[in-house]
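Protein sequences, first through last, are from chains A and B. Reminder that position 556 of the first sequence reads as 555 in numbering that gives the first Met the number 0, one-by-one numbering, no gaps. Reminder that position 626 of the second sequence reads as 625 in numbering that gives the first Met the number 0, one-by-one numbering, no gaps.
Worth flagging that the hints you see were computed from the coordinates, not collected in a lab. Please note that a few of the clues may not be correct.
Treat identical chains as interchangeable: a pair holds within one or across any two.
As the list claims (entries may be wrong) - Below, a list of computed lysine-lysine pairs in the DSBU-like style, where the Cα atoms sit at most 35 Å apart: (1) LYS48 to LYS339; (2) LYS436 to LYS413; (3) LYS249 to LYS140; (4) LYS316 to LYS48; (5) LYS297 to LYS519; (6) LYS157 to LYS339.
Because the structure is a prediction, the values reported are computed rather than measured.
Protein chains: 2
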Amino acid sequence: MDSDFPHNWSRVFITRVEPSVEGGRWPIKRTVGEAVAVVADVVADGHDKLAVELIHGPEGGVYQTTRMTLRYNDEYEAAFVVNELGRYTWRVRAWVDRFGTWQSEFRRRVQHGETDEVLRVELASGAELLRELADGAGGAKREGLLRYARSFERGNAKKALEAGVVHLARDCDTRSGAVTSLAYHADVDRELARFAAWYEFFPRSCGDIAGVHATLDDAARRLEGIRDMGFDIVYLPPVHPIGTTFRKGKDNNPAVKPGEPGSPWAIGSPDGGHTSVHPRLGGLEAFDRFIKKATELKLHVALDIAFQCSPDHPWVKEHPEWFRHRVDGTIRYAENPPKKYQDVYPLDFSCGDWRGLWSALRDVFRFWIDRGVRIFRVDNPHTKPLAFWEWCLGSLRAEHPDLIFLAEAFTRPKTMYRLAQLGFNNSYTYFTWRNTKHELRSYFEELTQTQIVEFFRPNLWPNTPDILHDFLVHGGRSAHIVRFVLAATLSSVYGVYGPPYEHVKNDQHPEREEYANNEKYEIRVWNWNDPTSLQPLFRRVNRIRRENPALHNLRSLRFLDTDNGNILAYAKQDGANVIICLVNLDPFAVQESAIDVPLNALGIPSDGPYQVYDLLGGERIIWHGARQRVRLDPGVTPARILLVLRRLRTERQFDYYA
Amino acid sequence: MDSDFPHNWSRVFITRVEPSVEGGRWPIKRTVGEAVAVVADVVADGHDKLAVELIHGPEGGVYQTTRMTLRYNDEYEAAFVVNELGRYTWRVRAWVDRFGTWQSEFRRRVQHGETDEVLRVELASGAELLRELADGAGGAKREGLLRYARSFERGNAKKALEAGVVHLARDCDTRSGAVTSLAYHADVDRELARFAAWYEFFPRSCGDIAGVHATLDDAARRLEGIRDMGFDIVYLPPVHPIGTTFRKGKDNNPAVKPGEPGSPWAIGSPDGGHTSVHPRLGGLEAFDRFIKKATELKLHVALDIAFQCSPDHPWVKEHPEWFRHRVDGTIRYAENPPKKYQDVYPLDFSCGDWRGLWSALRDVFRFWIDRGVRIFRVDNPHTKPLAFWEWCLGSLRAEHPDLIFLAEAFTRPKTMYRLAQLGFNNSYTYFTWRNTKHELRSYFEELTQTQIVEFFRPNLWPNTPDILHDFLVHGGRSAHIVRFVLAATLSSVYGVYGPPYEHVKNDQHPEREEYANNEKYEIRVWNWNDPTSLQPLFRRVNRIRRENPALHNLRSLRFLDTDNGNILAYAKQDGANVIICLVNLDPFAVQESAIDVPLNALGIPSDGPYQVYDLLGGERIIWHGARQRVRLDPGVTPARILLVLRRLRTERQFDYYA
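Take these sequences, add in the hints, and give me the full structure.
This is the structure:
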């Protein structure tokens with residue numbers, strides 16, 4: 000026991016580094032141009048000054064070193080900006096700042112009138128430290144240190160108090176006794192992963208005649224209108240050939256009628272599988288033309304990747320070993336007893352040939368990547384092994400760091416968060432089911448005020464082909480406006496399943512929380528240019544989003560206290576750009592509330608008037624002080640998006656949408 | 000890239016294990032007989048049932064396995080009791096419960112009237128699983144599994160739903176695809192580390208004549224009285240020879256007068272150093288007699304270990320290399336410019352012979368351990384390297400797992416917490432400076448409702464020889480009662496520097512927050528049996544503590560809302576034993592408040608009356624409902640310690656202190 004001394008030890012301990020996810024096990028997420036503000040707790044015995052630095056850079060690239068500043072309570076901070084796609088790494092290094100400590104003590108000795116005799120002895124100590132540093136330095140720095148040492152030895156106390164000597168000493172510090180933290184990581188995505196508006200539609204419903212299957216060329220003709228509404232990403236349900244075995248009819252009817260098109264998620268037919276395009280959509284050539292058109296319009300295309308097969312999928316014959324079998328030899332269809340989904344064969348990710356299957360699935364992504372797709376909405380990732388996604392997404396992102404993967408995992412929270420940790424950089428959320436003030440506030444506080452904000456990017460959808468919430472059914476147009484504004488402003492990335500939403504088609508299936516006459520099972524026709532629809536709202540809200548940097552981030556979200564349970568109020572900011580959103584969650588009645596504007600936090604002077612401008616409704620208001628009264632009429636202005644101006648402006652300056 | 004498949008992977012992820020300190024880096028703390036309630040988050044893809052177990056036991060001993068139960072939200076829990084001193088270890092192991100999943104799905108198939116044909120195929124699958132398990136099992140279990148498999152194969156659905164088969168399958172589970180968490184640790188101390196009352200006094204002041212140095216034999220004569228007041232531990236300031244060079248006089252006067260005894264913390268003289276006893280105290284023989292007497296009385300002795308030397312300490316001559324030197328060759332005394340402590344030489348823990356020094360210091364502990372001391376109050380540990388304590392305390396505890404080390408680190412919070420993490424199992428706190436309701440509540444919520452409660456045991460002191468807070472100075476007797484009750488009930492371990500406190504000697508030094516006529520620098524005389532002092536209060540509070548298990552823990556502390564900023568209310572419980580403390584923080588005026596009793600949390604019926612009994616004042620009260628009104632008169636009852644009884648009792652049953 001007596002010889003078990005520590006092999007090496009340091010006086011310094013780094014006890015915490017933030018941001019981190021599970022102690023550094025998973026990367027945090029950022030987009031190009033964003034900052035990583037690192038805080039480290041560093042402690043040591045006694046009262047010596049500590050030197051703390053941040054070593055950071057793109058993985059495998061050139062690392063930079065930034066001195067960290069003591070904030071308070073042993074917390075040191077420094078920030079850096081990530082400018083490249085891909086993975087960044089950082090570590091914290093800390094040691095005792097011997098010369099800095101000496102100078103600070105020496106200054107106190109001088110200030111308190113220490114005798115010349117004592118000062119002379121202390122100066123000799125300081126010179127000794129400088130000579131030690133000079134031993135490890137070279138050239139001009141070495142000469143500089145020795146010059147200082149000599150003037151110390153001559154008793155020059157003034158020289159010892161110069162900023163120059165401590166800077167030089169710091170420059171030549173040998174970092175003796177330094178400790179270094181674990182490495183922490185950030186995955187840096189393109190801005191589109193953080194700030195984007197998605198628009199979902201079914202290309203086969205892009206024709207003009209009900210029941211007639213449209214092509215991707217028909218769909219391409221809708222792109223200009225979608226772009227004009229201000230969307231960034233068009234998201235297509237699966238475009239592959241659809242199986243006929245156990246095909247579902249209208250509204251998921253197990254008895255299909257002749258001519259019914261089937262669900263795009265029943266993937267695979269003799270025409271091909273996950274790397275083919277449905278012949279009625281125009282095949283791969285039409286797909287290429289669609290991508291080309293979108294690219295010309297500066298629209299991005301997101302494809303749906305659903306790793307499951309119809310019984311007619313080529314893999315069922317080519318690779319029966321990739322599926323689960325019953326003891327009677329039949330392939331297991333999907334089921335959650337007593338529910339059965341005979342039209343879907345799940346893949347067996349743990350099968351003997353899992354390597355072959357995993358490769359084939361990753362090649363599906365690669366196939367579409369090669370055709371120009373960089374954004375994928377991944378269907379039900381939580382029913383496939385998490386280890387598969389970690390491997391698949393990790394290797395694809397190493398090849399293409401600009402990829403965006405949206406996890407369509409409507410499952411338990413911890414699985415959703417883990418999927419985000421291991422590689423998904425956009426995630427569906429519970430937003431669709433959070434409709435009251437309490438629900439919204441507590442959920443978004445969880446998403447923005449905990450470690451979760453570092454790795455989980457909530458992509459908010461007020462509806463999907465699978466989900467039409469009662470709130471939209473009963474609340475009609477006002478509810479649709481409110482939920483759209485919430486989606487577009489609470490997070491910085493959101494999407495809408497556009498056609499039925501913009502026309503407030505809120506007929507619900509009698510048994511399920513989804514649309515009646517669901518486009519998943521039938522071909523519909525939409526009015527793509529209807530000024531009485533919500534299309535103008537989409538256009539205006541997307542413009543407001545684009546023009547206000549406050550709405551480009553999630554992190555600054557802060558709820559304002561209100562005294563009416565139907566009024567939700569929240570603020571976002573980016574520098575001087577401050578937005579306050581007010582939403583009436585009651586689609587039927589006028590609601591009024593006091594709201595508390597956090598003037599200090601938002602940088603608004605508390606001693607004068609300030610002006611707010613409703614970017615949605617056009618109204619201009621002058622406010623004084625923190626407590627304001629607001630009134631929202633669901634028939635007129637169920638929501639307001641207020642631009643806060645710290646000083647008054649003339650009316651002319653407000654011609655925001657002239 | 001294509002061949003970089005994971006070497007092995009599991010469908011199961013353990014994403015969190017609690018309790019843990021910094022992800023398992025440091026042990027949690029428990030005492031013998033306490034439970035460790037482990038919660039683990041475990042996720043996997045899909046909807047299969049998971050098997051999760053806790054593997055736990057004393058390090059190097061026999062490990063036990065306990066099945067963990069799914070609570071909700073993917074959280075699994077199990078608990079175990081630690082029965083031995085020393086280190087315990089646990090891990091969580093999880094895998095997919097294949098047979099359990101099969102049975103649960105089969106049950107749903109049966110319940111929903113699946114056809115016999117389908118059930119027969121599924122039973123064959125179940126039999127296949129059982130046969131796989133049988134391959135790895137032996138003896139009766141193997142036979143049992145095969146019997147079940149055969150009845151499955153005969154189509155016996157009833158057998159498949161039996162609890163017996165799933166228990167048997169679980170018993171024989173091969174845990175294929177299991178993942179295991181990191182190892183987590185607990186350091187298990189004796190109960191005295193969690194539940195104890197400390198009494199500090201200066202043995203040299205145990206005589207009957209002012210100014211005359213008493214011996215440890217005189218001090219031993221005081222032990223019976225201290226024990227009768229209900230204290231468990233007597234804590235002695237350093238008992239070593241005291242240096243004469245730069246000795247401090249009365250009230251820290253740098254000009255000492257002849258005959259002044261000096262500070263016990265100026266350790267070392269030609270009579271010896273850290274392993275000697277001051278001759279005027281009677282030397283080592285008297286010390287041994289003191290320990291013997293204390294042990295007879297079932298009192299424990301805590302020694303003060305202060306690793307610093309007076310200029311007269313033998314080590315100064317024997318080991319000059321253990322001290323820091325100026326360039327002029329003199330030894331550096333302690334200083335924090337402009338303050339100078341010429342009577343104290345700090346040790347240089349980083350000196351060339353640090354191994355020799357560290358060994359000698361550890362041997363100081365061993366010396367006193369060999370003389371029967373198991374409890375040490377360590378002076379200023381934060382001015383010595385944290386790595387030294389980790390090594391020293393770790394190796395001593397490996398030899399003697401019953402040791403208690405109280406860290407006297409009045410420094411910044413993160414250093415205090417780190418000292419607790421690396422080995423101190425009792426800690427001084429900021430309690431002494433937390434006097435308002437807000438200060439007390441927020442500090443104790445930090446200590447009890449965060450991870451801190453797992454490793455930091457707050458030992459609360461209302462006063463020390465170094466600290467006499469203004470609140471005690473100005474608040475007089477009532478303030479002394481209040482602060483004593485707070486110390487004795489907020490935490491389960493507390494101490495008091497008794498003699499001046501019990502006599503409400505609250506003369507403060509004119510310049511410092513400490514006692515005037517400080518015993519650190521002079522010999523005083525006390526009345527050791529004074530019924531007008533606070534000695535009867537000490538006796539009563541210690542008895543209340545002993546008789547109420549609720550006061551034996553820190554963890555159950557819960558503050559009650561009050562509407563008066565001067566009334567602090569809090570509850571503690573242990574099973575059916577519930578205590579509510581009410582404290583008037585205003586020593587000058589009667590204060591009244593409503594309090595909210597959390598009936599549900601405390602297990603009190605909300606529909607009937609319940610009774611509270613003031614164990615301190617003797618009053619009996621019947622309450623109905625959660626909201627109560629209380630009134631505390633500082634002149635009469637500045638504090639109440641209420642025993643809560645869930646049902647009414649007759650007056651006779653209340654003769655608590657008859």
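Can you tell me if LYS48 and LYS339 fall within 35 Å by alpha carbon in one copy, between copies, both or neither?
Classified as between; 19 Å across copies, 68 Å inside a copy.
Can you give me the call for LYS316 and LYS48, within, between, both or neither, at a CA distance of at most 35 Å?
between (71 Å within a copy, 31 Å between copies)
Checking an output row: LYS436 and LYS413, CA cutoff 35 Å. Within, between, both or neither?
Within. Shortest intra-copy distance 23 Å satisfies the 35 Å Cα cut-off; inter-copy 38 Å does not.
Given identical chains, is LYS297 near LYS519, meaning Cα to Cα at most 35 Å, within a copy, between copies, both, or neither?
Within. Shortest intra-copy distance 27 Å satisfies the 35 Å Cα cut-off; inter-copy 80 Å does not.
If the cutoff is 35 Å on CA atoms, where do LYS157 and LYS339 land: within, between, both or neither? Let me know, please.
between (86 Å within a copy, 23 Å between copies)
How would you classify LYS249 and LYS140 at a CA-CA limit of 35 Å: within, between, both, or neither?
neither (81 Å within a copy, 52 Å between copies)
Taken one by one, the earlier hints fail for this structure only at number 3.
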